[in-house]
Structures are given as structure tokens and as C-alpha cells.
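All chains, please: the whole structure from these sequences, using the hints.
Residue numbers (the working numbering), protein chains in the order written: chain F, 1 to 220; chain W, 1 to 220.
Hint data in this document are derived by calculation from the structure and do not stem from the laboratory. Hints are not guaranteed to be accurate.
[To be verified] Residues from chain F that face chain W, not an exhaustive set, calculated with beta carbons under 10 Å:
1) Ala47
2) Asp69
3) Val144
4) Gly147
[To be verified] Okay, the calculated bits of chain W under chain F, using three or more residues with CB under 8 Å as the criterion:
5) 120-134
6) 149-159
7) 207-220
[Stated by the list, open to error] Subject to a maximum C-alpha distance of 25 Å in a straight line, what follows is the list of computed SDA-like cross-link-like pairs (lysine to any residue):
8) W:Lys77 with F:Ala55
9) F:Lys77 with W:Ala188
10) W:Lys201 with F:Thr181
11) W:Lys15 with F:Ala55
12) F:Lys201 with W:Asn74
13) F:Lys201 with F:Leu137
14) W:Lys201 with F:Asn185
15) W:Lys201 with W:Asp162
16) F:Lys201 with W:Ala188
17) W:Lys201 with F:Asp149
18) W:Lys15 with W:Leu137
19) F:Lys77 with W:Glu148
20) W:Lys77 with F:Glu180
21) F:Lys15 with F:Asn185
22) W:Lys201 with W:Leu137
23) F:Lys201 with W:Val174
24) F:Lys201 with W:Glu176
25) F:Lys77 with F:Arg57
26) W:Lys218 with W:Ala113
27) W:Lys15 with F:Arg57
28) F:Lys15 with W:Thr10
29) W:Lys218 with W:Ala188
30) F:Lys218 with F:Ala55
31) F:Lys77 with W:Arg179
32) W:Lys201 with W:Ala188
33) F:Lys15 with F:Asp162
34) F:Lys77 with W:Phe177
35) W:Lys201 with F:Val174
36) W:Lys15 with W:His105
37) W:Lys77 with W:Asn94
38) F:Lys201 with W:Leu171
39) F:Lys218 with F:Ser21
40) W:Lys15 with F:Thr10
Ideal Cβ placement from N, Cα and C applies to all residues, glycine included.
2 protein chains.
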Amino acid sequence: MPSRLLDIRTGVLNKNDQLASALRLRFRAAGLLTLNLVSSPGTGKTALLERTLRALRESGHPAGALVGDLQTDNDAKRLARSGAPVRQIITHGNCHLEADMVAAHLDGFDLPALEFFFIENVGNLVCPSSYDLGEDLRIVLLSVTEGEDKPLKYPPMFNSSDAAIITKIDLAEVCEFDRETARANILAMRPNMRIFEVSAKTGAGMTEWLDYLLQQRKAR
Amino acid sequence: MPSRLLDIRTGVLNKNDQLASALRLRFRAAGLLTLNLVSSPGTGKTALLERTLRALRESGHPAGALVGDLQTDNDAKRLARSGAPVRQIITHGNCHLEADMVAAHLDGFDLPALEFFFIENVGNLVCPSSYDLGEDLRIVLLSVTEGEDKPLKYPPMFNSSDAAIITKIDLAEVCEFDRETARANILAMRPNMRIFEVSAKTGAGMTEWLDYLLQQRKAR
Numbered sequence: 001m002p003s004r005l006l007d008i009r010t011g012v013l014n015k016n017d018q019l020a021s022a023l024r025l026r027f028r029a030a031g032l033l034t035l036n037l038v039s040s041p042g043t044g045k046t047a048l049l050e051r052t053l054r055a056l057r058e059s060g061h062p063a064g065a066l067v068g069d070l071q072t073d074n075d076a077k078r079l080a081r082s083g084a085p086v087r088q089i090i091t092h093g094n095c096h097l098e099a100d101m102v103a104a105h106l107d108g109f110d111l112p113a114l115e116f117f118f119i120e121n122v123g124n125l126v127c128p129s130s131y132d133l134g135e136d137l138r139i140v141l142l143s144v145t146e147g148e149d150k151p152l153k154y155p156p157m158f159n160s161s162d163a164a165i166i167t168k169i170d171l172a173e174v175c176e177f178d179r180e181t182a183r184a185n186i187l188a189m190r191p192n193m194r195i196f197e198v199s200a201k202t203g204a205g206m207t208e209w210l211d212y213l214l215q216q217r218k219a220r
Numbered sequence: 001m002p003s004r005l006l007d008i009r010t011g012v013l014n015k016n017d018q019l020a021s022a023l024r025l026r027f028r029a030a031g032l033l034t035l036n037l038v039s040s041p042g043t044g045k046t047a048l049l050e051r052t053l054r055a056l057r058e059s060g061h062p063a064g065a066l067v068g069d070l071q072t073d074n075d076a077k078r079l080a081r082s083g084a085p086v087r088q089i090i091t092h093g094n095c096h097l098e099a100d101m102v103a104a105h106l107d108g109f110d111l112p113a114l115e116f117f118f119i120e121n122v123g124n125l126v127c128p129s130s131y132d133l134g135e136d137l138r139i140v141l142l143s144v145t146e147g148e149d150k151p152l153k154y155p156p157m158f159n160s161s162d163a164a165i166i167t168k169i170d171l172a173e174v175c176e177f178d179r180e181t182a183r184a185n186i187l188a189m190r191p192n193m194r195i196f197e198v199s200a201k202t203g204a205g206m207t208e209w210l211d212y213l214l215q216q217r218k219a220r
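Listed below in C-alpha cells is the structure:
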């Protein structure tokens with residue numbers, strides 16, 4: 001990257017970090033646990049989030065969500081079926097969310113009435129790793145269909161995340177997914193990272209994931 | 001994006017385009033058909049390419065490949081098993097290949113001895129769409145595991161590609177993949193685009209894909 005571009009990019013990142021810090025204070029003041037969900041396109045962020053929003057609501061823990069895509073509001077419509085308050089961010093081509101996009105889409109949310117706030121990032125295993133959105137936890141998703149080597153090939157995303165979810169675990173066998181290799185590769189990027197194995201389709205692993213969310217919120 | 005950043009980014013893109021044009025002339029002078037393979041991480045670019053390189057070699061049509069990743073030379077090692085000349089580009093965090101990276105990795109290839117040259121881009125369904133690498137054809141891959149809506153959510157990649165390959169077609173049923181919806185969504189982004197349905201595992205659809213490659217080279 002030319003150094004002039006690098007200088008300006010650093011400036012953009014610093015500005016993003018300042019805004020993200022302000023957002024973090026705002027989310028915490030409202031009593032929220034905020035999570036930034038990142039993954040490749042098609043890993044199943046929306047399917048997991050839909051099931052998570054519904055389960056939290058049914059157990060008396062209200063949650064809201066922002067969801068980012070280059071185009072379409074398909075995901076917001078899909079997530080709204082859970083009954084949770086949801087808004088779509090359309091990035092118009094931008095490959096990741098930034099803190100100012102999050103800030104610009106908070107109108108209409110009654111944040112203090114919520115316990116959890118999810119931000120579903122644009123499907124991209126590279127660029128979102130550089131942008132803090134004010135979240136408490138960054139959660140990286142990896143599906144069994146993508147192959148076990150992704151953590152090694154995309155180190156910044158895995159080493160900047162706080163927990164990992166292996167999704168579509170119901171397809172593990174048919175995809176000949178090697179669970180131990182995948183887990184070892186994740187841990188090579190970030191030792192001791194908590195790893196969940198979940199199927200949003202069958203519900204496998206949802207209890208552990210939901211328990212983690214409740215514990216994390218309580219611990220703050 | 002701040003306008004100063006936008007100006008400089010435009011400059012970087014223009015420089016890339018000039019270099020890509022020079023590369024295109026060089027590839028054509030060597031008699032090559034050059035293809036830029038783009039997709040999400042985990043769509044199966046490497047698996048398809050490995051099978052393609054082997055099939056071309058066995059039928060007397062030598063091909064070479066460059067493969068891009070943020071880290072690791074796993075893919076180059078894997079592709080080298082096909083017997084084809086292959087080199088890895090490690091981008092050290094960059095989210096896409098650029099023409100200068102391709103140019104810097106051509107040493108050691110006997111280009112006039114080859115008929116086809118494949119460039120496997122970094123797994124990213126957004127950023128590589130902006131960077132011409134001097135290819136004749138850009139081929140976008142979409143796996144049945146990713147969902148039918150990806151063309152609508154990532155328009156620049158689909159409308160800048162010349163053909164699409166739906167991969168892992170052997171998993172279509174277990175993933176409840178809706179083929180007609182996926183095809184309609186691809187064609188909504190780029191009408192009349194040629195669409196292949198392939199399984200690198202079973203070999204389904206490989207004949208059509210290989211015929212297309214031979215035809216495209218002949219037509220130039």
C-alpha cells in the first residue's frame with residue numbers, strides 16, 4: 001500500500017476507534033452486552049442470530065440487532081420474524097461496517113429496554129477485523145463447509161475475536177469436517193479461545209451459546 | 001469514505017488498471033487464456049482448480065496457476081500435486097490481489113509453454129471485484145452451502161464476472177439448495193451469464209467447464 005494511502009487509512013482508523021469508544025460507553029450505560037458477529041459470506045450469521053434472538057426473547061432477555069450488507073434488507077426482514085427490534089445497514093458497496101454506520105442507525109432502538117445488542121457485520125473474513133464497532137465481544141463464525149484451514153489463512157480475524165462458533169455442525173459428517181484440526185487451527189491463532197459448535201437448524205449447541213451470553217452479560 | 005481517501009484510492013486503482021493492461025498484453029502474447037477466480041473463503045476455488053489443472057494436463061493442455069492468500073502456502077502445495085507449475089502469493093493481510101503482485105510472481109513460469117493461466121484470488125466476495133489482474137475472464141464461484149441470496153447481496157462481484165460456477169453441487173440436496181432461485185439471482189445481477197454447476201469431489205459438471213475453457217481459448 002502506498003505510504004500516503006497508509007497514513008490516511010491510519011487516520012480513518014483512529015477516527016473510527018474514537019467513535020467506537022464513545023459507542024461502547026453508550027451501550028454499557030444502557031446495560032447492554034454488545035456483540036459483533038463476523039464471518040465469510042454464507043457462514044450462517046443470520047440463521048444463528050435469528051434463533052438466538054428468538055431464544056433470548058422467549059426466556060425473558062430482550063435483544064436487538066443491526067445487520068450490515070452491501071445491498072438488500074433481506075436479513076433485517078428475516079430477523080424481524082423473531083419479534084426482536086432489528087435495523088438494516090446498507091453499506092452501498094463498502095466491505096465492512098464502521099462505527100459511524102452503527103451510530104447512524106441507533107435511532108428507534110430503546111436501548112435501555114434491551115439486554116443484548118448484536119451487530120451482524122458484512123460477510124467478509126478480512127476487512128471487518130480492522131474496525132471496532134464499540135462491541136464488548138467479537139464473535140467469529142466458521143462453518144464446517146468452509147474447511148478447517150481458514151483460521152491459518154485469515155489470522156487477523158481469528159486473533160482479534162473473543163470467541164469462535166463452528167456453525168452448520170449438522171453438516172460436519174457429510175462435509176468430512178475434521179473437528180480436531182479446525183479447533184487446533186483456531187487455538188493456534190488465539191490460544192484459549194472459547195469455541196462453540198452449533199447448528200442453527202437442529203439447535204445443537206444452542207444451550208451452551210446462550211449460557212455463555214448470559215454469563216458474559218452478568219460478568220460485566 | 002473521506003474524499004481525500006477516495007481521491008487516492010482512485011489513483012491506486014488507475015495505476016492498477018494500467019499495470020493490468022500491460023499484463024493482459026503479455027499473457028495474450030504468450031497465447032494464454034487467463035482466468036481470475038473469485039469467491040468467498042471456503043467456496044472451493046482450490047479444489048476446483050486442482051481438478052481442473054490435472055484434467056487439462058492429462059488432456060494435453062498445460063496450465064499454470066498463481067494463488068493468493070493472506071497467509072500460508074497451503075494452497076500452492078496442494079495445487080502442485082496436480083503436476084502444474086504453481087506459485088503462492090502471500091498478501092500479508094491484504095484483502096485482495098493487485099496487478100503488481102501478479103507481475104512480481106511471474107518469474108519462473110514458462111508462459112509460452114502454457115495454454116491456460118489461473119489466478120486464484122484471496123477469498124473475499126467484495127474487494128477483489130475492484131482490481132483487474134489482466135485476466136481474460138473473471139469467474140465467480142458460489143457454493144451451494146452459502147445460500148441463494150449471495151448475488152443480490154454482493155452485486156459488484158457478480159456483475160463484474162464473466163461466468164459463474166455453482167460449486168459443491170453434490171451437497172445441494174442436504175443443504176436444501178434452491179437451484180432455480182440461485183440461478184435467477186445470478187442472472188438478475190448479470191443477464192445471460194453462463195452458469196456452471198460443478199462438484200470437484202464427484203466430477204459432476206467438469207466436462208462442461210473444461211469444454212468452455214477450450215472454447216474460450218480458441219475464440220481469442
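> Are Lys201 (chain W) and Ala188 (chain W) close enough, with their CA atoms no more than 25 Å apart?
Replying inline: violated (29 Å)
>> For a C-alpha distance cap of 25 Å, please report whether Lys77 (chain F) and Ala188 (chain W) respect it.
In response: holds (20 Å)
> Are the Cα atoms of Lys201 (chain F) and Glu176 (chain W) separated by 25 Å or less?
Replying inline: holds (12 Å)
>> Verify this for me: three or more residues of the segment 207-220 of chain W with a beta carbon less than 8 Å from a beta carbon of chain F.
In response: violated (count 0)
>> Please verify whether Lys201 (chain F) and Asn74 (chain W) have alpha carbons no more than 25 Å apart.
In response: Not satisfied, since the Cα-Cα distance of roughly 32 Å exceeds 25 Å.
> Does the interface hint hold: is Ala47 (chain F) within less than 10 Å of chain W, judged Cβ to Cβ?
Replying inline: holds (9 Å)
>> Checking one constraint from the list: CA of Lys201 (chain F) to CA of Leu171 (chain W), max 25 Å. Satisfied?
In response: holds (16 Å)
> Would the pair Lys201 (chain W) and Thr181 (chain F) pass a check requiring their Cα atoms to be no farther apart than 25 Å?
Replying inline: holds (21 Å)
> Within 25 Å, alpha carbon to alpha carbon, are Lys77 (chain F) and Glu148 (chain W)?
Replying inline: Satisfied, since the Cα-Cα distance of roughly 16 Å is no more than 25 Å.
>> Between the alpha carbons of Lys15 (chain W) and Thr10 (chain F), is the straight-line distance 25 Å or under?
In response: With Cα atoms ~22 Å apart, Lys15 (chain W) and Thr10 (chain F) stay inside 25 Å; holds.
> Can the restraint linking Lys15 (chain F) and Asp162 (chain F) be considered satisfied, given a maximum Cα separation of 25 Å?
Replying inline: holds (23 Å)
> Quick one, are Lys77 (chain W) and Glu180 (chain F) close enough, alpha carbons at most 25 Å?
Replying inline: holds (22 Å)
Violated hints for the displayed structure, listed by number in ascending order: 7, 8, 11, 12, 16, 21, 27, 29, 32.
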